[in-house]
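**Q** Sequence:
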Amino acid sequence: MKAVSFCHTVLTFALSMSSSSNNSPSPPPCSASIFIATSKDGYIADSNNSVDWLNELQQTNPLPDGDDGGFNDFMSSTDAVVMGRTTYETVC
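In terms of the numbering used here, the sequence shown is residues 337 to 428.
Hints are not guaranteed to be accurate.
What the hints assert, rightly or not - Listed below are the simulated DMTMM-like cross-link pairs for lysine to aspartate or glutamate, each with C-alpha atoms no more than 20 Å apart in a straight line:
(1) Lys376 - Asp404
(2) Lys376 - Glu392
(3) Lys376 - Asp388
Said to hold, decoys possible - Computed beta-carbon distance windows for the label pairs:
(4) Gln395 - Cys366: 36 to 46 Å
(5) Asp377 - Arg421: 19 to 29 Å
(6) Phe407 - Lys376: 14 to 24 Å
(7) Asn397 - Cys366: 21 to 31 Å
(8) Met411 - Cys366: 17 to 27 Å
(9) Lys376 - Thr423: 17 to 27 Å
Hints listed in this document are in silico derivations from the structure and should not be mistaken for laboratory results. Bear in mind that the values here come from a model prediction, so they are computed numbers and not experimental data. Yeah, the Cβ is synthetic: ideal placement off N, Cα and C, and Gly gets one too.
Given the sequences, and given the hints that come with them, work out the whole structure.
**A** In structure tokens:
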């Protein structure tokens, strides 16, 4: 059995803009968040580039009813979602 951890990390950064001579104000900082399930050893996919282990883990050690690991709270605080093609094809 693999142990799983859910990681929600917020990264804050300033937009990089070319300097101008008109002394315009700097843009506000932006933030990007990631919500990801990883195995205890820090991997997302197994050696076959599969995340099937998450489904197996959910069957053997399900979350309590109504517990989504914080995913709905995360999504309610999100304005946009960016994901890769394989992830999109898997979850959508």
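**Q** For a quick check of understanding: which of the numbered hints are violated here, in increasing order?
**A** The structure conflicts with hint 7 only, although it agrees with all the remaining ones.
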